[in-house]
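Using the sequences and the hints given, assemble the complete structure.
So the sequences go chain by chain: Z and L.
For the first sequence, the numbering used here gives the first residue as 1, with consecutive numbering after it.
For the second sequence, the numbering used here gives the first residue as 1001, with consecutive numbering after it.
Keep in mind that a hint or two might mislead.
Unchecked claim - Simulated pairs of lysine-lysine, DSSO-like, Cα-Cα distance not exceeding 30 Å: (1) K1089(L) - K38(Z); (2) K1099(L) - K40(Z); (3) K1159(L) - K356(Z); (4) K1159(L) - K211(Z); (5) K40(Z) - K1159(L); (6) K38(Z) - K1095(L); (7) K147(Z) - K60(Z).
As the list claims (entries may be wrong) - Partner residues aside, some chain L positions facing chain Z, computed with beta carbon under 10 Å: (8) S1010; (9) F1011; (10) M1062; (11) L1244; (12) P1326; (13) L1328; (14) R1329; (15) Q1332.
These aren't lab readings, by the way, just hints derived from the structure by calculation.
Glycine included, every Cβ here is placed at the ideal spot set by N, Cα and C.
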Amino acid sequence: MAIKVDTDHNVSPDSQEFIINMGPQHPSTHGVLRFLLKLKGETVTQIQPHCGYIHRGIEKMCEKLTYPQIIHLTDRLDYLSAHINNEAVCLLVEDALGVEVPERVKYIRTIIDELSRLASHQLWWCAFGMDLGALTTFFYGLRDREKILDIFEQTTGGRLIQSYNVPGGLMNDIHPDFQKNVKEFIKYFRKILPEYDQLLTGNVIFHNRSKGIGYMSREDIINWGVTGPSGRGSGFSCDVRKHAPYSAYDKVVFNESLEQAGDTFARYKVRIAEMWESMNIIEQLIDNIPEGDFAVKMKPIIKLPEGEYYQRVEACRGEFGVHVISDGNKYPYRVKFRSPNFINLSAIEEMARGQKIADLVAISGSLDLVIPDMDR
Amino acid sequence: MPLDIYDFSSFTQWVHQSLDAVMSPFWVITTEMVLVGLAFLTFYAIVGLMLVLAERRICAFMQCRLGPNRVGPWGFFQTIADLIKLLFKELIYIKKADKLLFNIAPFIVIIASFLALAAIPFALGLHAVDLNIGIFYIVAVSSLGVIGILLAGWSSNSKYSLIGAMRSGAQIVSYELSVGLSLITIIVLAGTMQISEIVELQRDGWFIFTGHISAIIAFIIFLIASTAEINRGPFDLAEAESELTAGFHTEYSGIKFAFFFLAEYMNMFIVASLGATVFLGGWMPFHVYGWDGFNAIMDFLPPFFWYIGKTAFIIFIIMWFKWTFPRLRIDQLLTLEWKYLLPINLFNVVLMATLVLLGLHF
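Here is the structure:
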């Protein structure tokens, strides 16, 4: 007699396994992501991520928007690296038109990129601690992130999503106090960051929960296309800032943080190290912002010449790419975003299969998923 | 009415005699039981609300925030407002849930914590039942709570609840051993299980000081194991909100959820009281053998405040655990118990027995 199989879930009635739905409303999927888990007791035997709960059709919408308007949609992809996403579109347009932006713009863009990265990694640290059950981390991280958001608000007018970049430069010049406030923040955060280590990094329970969990080898990471801190945790040198410098990244000296262990703890250490590196980069630039215009004059209607364009930048979670096909109109013919989160998510099954539910939560925390970036 | 805050026995005697004068012995006992029950219900509610408030304030203090501060002074009435809200909330019933077990479960949990309260001495003479096996009774009764948790998880017809309940079952049954053994260490030292005698024996110094290194080890193990037994962080796997949303009480709402919530806080109060009584002398003031003047000064503070102070100290430590540590994983939790705490504990009991046999304790 054939065993009756539930076709939806592929679990036979005799099996010891059961199916559990994690999400779309679940505290540790950080948004509307849904995992369909097949469990054997506490052990995860199969994971199916289901996306699409926050799909807004951004790529399609871009086809009916002008290039300066697209900026306001790329904000809404990975909202924690909004400025960096905008920069990708701006760089693409500037490259296509052969516009050279002033040095001042490059410096300011880079500083705000790195401030975004700091804010994003701080929020990741909060949420990662929460995922592991250390609730206090959340408030420590948010306390410090608030200071960066204040700096953003002062200069750009926006706290989370700034839309500060425009093709050809910036929306407006920096606030007169910008340099002073950033320097104050860096001084403050250099003292605070070791506190993060004291609270979480050295904790023995944290080590047990993260070391050896969600291991992925360098080959697998490359095969799955995992980039950003998650890729660098496995020793995959994939920092676009280093390999294809844009804006002012060719003018600063910084290390690409690499870890070889490939587990959750390695990804954690990469992000902590990146926070130190971000501060180094900002310190090198903040005093040397050249005088000049904050934007070049662009034509009121930007039309890209016919052809295909691709621009990649290092967003907070990995390589963010914009692929535009233009037919010479003021609207792009087709836009495709390479969002790092969607590709990082695909590796989660490899990482978490055979581990416990609690490990799955730790792994998805260490990949630092932002759901709107996946669904677009 | 002879109310002496240093010795409540004259007060309880007076109540007994006044009742005796007006009714038959059967009704005296019945009335006294009802009175004690009412007193405990009030006490239960007040302590529960105070602990919720204290937890909020303490965790806010540790997390650079203010905590509740709008409703009344220091947010004093915030928990009361929350309780009223929970009372009026709709009770959600789950389709295909086992109705009987689903309804009984919160009561089992709350009754277990309520029963344990009976054997705790709050001050000299303020003691509902002074059993000759008091500690055994508390340990036995407080482990009834796990039945409620298992039933809640099983009857909810929810997979998250079931996983939470199974975790909780494994956890409480394991850590029960460590709590029991660390108490046995002190019972070996004291030579009795009667709680009033245990407190009395600490007149010349609390057991944690007179019991050598062995008592200190037992105290630390007791703290860890009892935190695990009451399902609090870092051992809150049964409700691990980042994994199981709310674990065994995911499907409960309104006042039934409040019962679980309250029972958790009362269990914390009970283990803290037990720890304070067994290791830190209960209501006994801080005495040093031979220093009569010093001891007399210490006696000025009434026993009830000594008891509350020590209990609050242990509660603070337990809260501190929760707000600083990440959560363990289920296999690590069981490893900690069976591979570390239990062997250390067994060795510790032998060590204590040797110390007592050789008369090396103070």
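Taking the hints in turn, this is what the structure says about them:
1. Only pairs whose Cα atoms come within 30 Å are accepted, and K1089(L) paired with K38(Z) is rejected, the gap being roughly 35 Å.
2. For the proposed pair K1099(L) and K40(Z), the alpha carbon gap of about 27 Å is at most 30 Å, so the pair holds.
3. Pair hint K1159(L) plus K356(Z) holds up; C-alpha atoms about 15 Å apart against a cutoff of 30 Å.
4. Among the hinted pairs, K1159(L) with K211(Z) is consistent with the structure: their alpha-carbon atoms are about 28 Å apart, no more than 30 Å.
5. The suggested pairing of K40(Z) with K1159(L) holds, with an alpha-carbon distance near 12 Å, which does not exceed 30 Å.
6. Of the supplied pair hints, the one linking K38(Z) and K1095(L) holds, its CA atoms being roughly 23 Å apart against a limit of 30 Å.
7. Between K147(Z) and K60(Z) the alpha-carbon distance is near 36 Å, which puts this suggested pair outside the 30 Å criterion.
8. Violation of the interface hint for S1010(L) is found here, the shortest Cβ-Cβ separation to chain Z being roughly 47 Å, above the 10 Å cut-off.
9. Annotation: interface hint on F1011(L) violated; nearest CB of chain Z at approximately 44 Å, more than 10 Å.
10. Below 10 Å, beta-carbon pairs count as interface contacts, and M1062(L) has one with chain Z at about 6 Å; its hint therefore holds.
11. Restraint check, L1244(L) versus chain Z: the minimum CB separation of about 8 Å is within 10 Å; hint holds.
12. For P1326(L), the shortest C-beta to C-beta distance to chain Z is roughly 4 Å, which falls under 10 Å, so the interface hint holds.
13. For L1328(L), the interface hint holds, the least distance from its beta-carbon to any beta-carbon of chain Z being 6 Å, beneath 10 Å.
14. With its C-beta approaching chain Z no nearer than about 5 Å, R1329(L) sits inside the 10 Å limit, and its interface hint holds.
15. Given the 10 Å rule on beta carbons, the hint for Q1332(L) holds: about 5 Å separates it from the nearest Cβ of chain Z.
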